[in-house]
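A.B. asks: Residue numbers (the numbering used here), protein chains in the order written: chain A, 54 to 167; chain B, 23 to 135.
Hints listed in this document are in silico derivations from the structure and should not be mistaken for laboratory results.
Treat the numbers as computed from the prediction; the structure is a model and nothing was measured.
Yeah, the Cβ is synthetic: ideal placement off N, Cα and C, and Gly gets one too.
Each hint should be verified, as a subset may be incorrect.
EDC-like cross-link-like pairs, simulated, lysine to aspartate or glutamate; straight-line CA separation at most 20 Å [said to hold, decoys possible]: (1) A:Lys66 - A:Asp138; (2) B:Lys134 - B:Asp107; (3) A:Lys66 - A:Asp137; (4) B:Lys80 - A:Glu155; (5) B:Lys71 - A:Glu155; (6) A:Lys66 - A:Glu135.
Over the 12 Å line for every Cβ pair with chain A, so calculated as not near, a few chain B residues [what the hints assert, rightly or not]: (7) Val33; (8) Ser34; (9) Leu42; (10) Arg44; (11) Thr73; (12) Thr74; (13) Leu78; (14) Lys80; (15) Phe85; (16) Lys91; (17) Ser92; (18) Glu110; (19) Ala114; (20) Gly117; (21) Ile124; (22) Ile133.
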Amino acid sequence: ETGVTQSPTHLIKTRGQQVTLRCSSQSGHNTVSWYQQALGQGPQFIFQYYREEENGRGNFPPRFSGLQFPNYSSELNVNALELDDSALYLCASSRTSGVNNEQFFGPGTRLTVL
Amino acid sequence: AQSVTQLGSHVSVSEGALVLLRCNYSSSVPPYLFWYVQYPNQGLQLLLKYTTGATLVKGINGFEAEFKKSETSFHLTKPSAHMSDAAEYFCAVSGNSNYQLIWGAGTKLIIKP
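With the rest of the complex left out, here is chain B:
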């Protein structure tokens, strides 16, 4: 069965520091990969996705992620953290079906002033 692992339920960085949120997946077929962000009391919002083509994907709010097939990873990065980035981040991967996403447990990003 496919699965998604997000390393670290909480990640704390200082404002202005590099943000790195890790996502590894298991899949027997080339997947579609997604990062979503969830702000308190708001719906999940798509940050970026990889379907085909260039493995470095740029998203909204200065985030980007790189698909590394050999490492089965899709880590999310941002060069300089901002206070407004504090939220919970979810990695998701397409399942064997064409309708189902498999989600990680989420990583809460904490920004220290």
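So that you can see chain A by itself, here it is in the shape it has in the complex:
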């Protein structure tokens, strides 16, 4: 059983640019959640996708957007990058939606905005 994978592992962008991060969910999982983890902090929920639809969103501006594909992989897009967007971005998949379901995390993408 392949776990959750994320690409790229590291990324450096400049302020104002756009970035796309990718996540492959674990086999059999139809739900993907994205989190932002700033240095020294816990993960902050960005949004969740369930069966290709956004299922819920945290306190992030609209320049954070996402997609989920028919194979349940997912993308996180961030437009107009700001310095504060520098963080580790985590993707987690679960068998279905519902917060009581175990989330399986990928290793993350480290984004640096200069």
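On the provided structure of chain A, position chain B as indicated by the hints.
C.D. replies: Relative to chain A, chain B alone:
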């Protein structure tokens, strides 16, 4: 708004000693509670969770946690620390929605030989 507080950003214990990592939460409704562990350069891994039923929950690697509603706490313990337990530990609680977890800031566990 719901919040999770983990007391101590760093906790240091000797190998073989008791591990106690503290987690308190604020919630207006009975929550689901989780402990995750993050090893360097690896993804977060679920240690244990409380949803309903028995308030003492056993997890992987010898860890356990007890849900105490009156104290709004969910502290993580392990009787005897091992060097391999060195990692960062996160407590999380379900939010008002059915999809969002609220996370603590994490506690880095350091094991002294």
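A.B. asks: Hint by hint, say whether it matches the structure.
C.D. replies: Hint-by-hint comparison with the structure:
{"no.": "1", "hint": "A:Lys66 - A:Asp138", "result": "10 Å, holds"}
{"no.": "2", "hint": "B:Lys134 - B:Asp107", "result": "11 Å, holds"}
{"no.": "3", "hint": "A:Lys66 - A:Asp137", "result": "12 Å, holds"}
{"no.": "4", "hint": "B:Lys80 - A:Glu155", "result": "15 Å, holds"}
{"no.": "5", "hint": "B:Lys71 - A:Glu155", "result": "9 Å, holds"}
{"no.": "6", "hint": "A:Lys66 - A:Glu135", "result": "10 Å, holds"}
{"no.": "7", "hint": "Val33", "result": "15 Å, holds"}
{"no.": "8", "hint": "Ser34", "result": "17 Å, holds"}
{"no.": "9", "hint": "Leu42", "result": "19 Å, holds"}
{"no.": "10", "hint": "Arg44", "result": "14 Å, holds"}
{"no.": "11", "hint": "Thr73", "result": "5 Å, violated"}
{"no.": "12", "hint": "Thr74", "result": "9 Å, violated"}
{"no.": "13", "hint": "Leu78", "result": "18 Å, holds"}
{"no.": "14", "hint": "Lys80", "result": "15 Å, holds"}
{"no.": "15", "hint": "Phe85", "result": "15 Å, holds"}
{"no.": "16", "hint": "Lys91", "result": "17 Å, holds"}
{"no.": "17", "hint": "Ser92", "result": "22 Å, holds"}
{"no.": "18", "hint": "Glu110", "result": "10 Å, violated"}
{"no.": "19", "hint": "Ala114", "result": "8 Å, violated"}
{"no.": "20", "hint": "Gly117", "result": "8 Å, violated"}
{"no.": "21", "hint": "Ile124", "result": "8 Å, violated"}
{"no.": "22", "hint": "Ile133", "result": "20 Å, holds"}
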